[in-house]
Amino acid sequence: MKIEIKKYSLELIRLILAFLFILSALQKFKSLETFALSVDAYQIFPAFLVNLITIIIPWLELFIGSGLLFKYKLQSNLIFYLFMMISFTILVFIAIIKGLDIDCGCFGESSTKVGLAKIMENLVIIVMNLILIKFQRV
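For the sequence shown, my numbering gives the first residue as 1, with consecutive numbering after it.
Bear in mind the hints are in silico, worked out from the structure with no lab data behind them.
Every residue, glycine too, gets a C-beta built ideally from N, C-alpha and C.
Mixed in with the good hints, there may be bad ones.
Derived lysine to any residue pairs resembling SDA-like cross-links, with alpha carbons at most 20 Å apart [stated by the list, open to error]:
# : residue 1 : residue 2
1 : K6        : I125
2 : K73       : W59
3 : K113      : A36
4 : K71       : S9
5 : K30       : A18
6 : K73       : K134
Here are the computed distance ranges between Cβ atoms for each label pair [unchecked claim]:
#  : residue 1 : residue 2 : range
7  : E121      : K73       : 20 to 30 Å
8  : L116      : F45       : 18 to 28 Å
9  : L52       : K6        : 32 to 42 Å
10 : I5        : L130      : 16 to 26 Å
11 : I94       : K6        : 28 to 38 Å
12 : W59       : V127      : 21 to 31 Å
13 : L37       : G115      : 14 to 24 Å
14 : L100      : I133      : 26 to 36 Å
15 : L100      : L69       : 12 to 22 Å
16 : K71       : S110      : 21 to 31 Å
17 : I56       : K2        : 37 to 47 Å
18 : I96       : S9        : 27 to 37 Å
19 : F19       : S87       : 29 to 39 Å
Input sequences plus hints: build the corresponding full structure.
Now the structure itself:
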């Protein structure tokens, strides 16, 4: 019984993480211009990198999310997911320190403001990711 609960819990976490990245990518693709403005609003990246980041991030999210969904190179995709979530969390933290009143850009036009709540949300996702890295069977 415990093994079944653990198995289904891990599957649920994997599906949630996959869904989050795929949804995030699709929302960004709907309005790359809005996402570019969000990336630029962080005031971290030089102008010549903003468009490149705007194009690359949604594709990475889509590929990583799909990899999780279909269990393709699961451990590798989980590590990439973790790296991206840590990076996003650092960016949000920097924006808070700078006192920026900006949207996170996480879900395109449906994004929320950067703040402590966004950091906590990201930390929950990071913990879910770490659980999968530790316990998921490939």
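Violating hint indices (sorted, rising): 15 and 19
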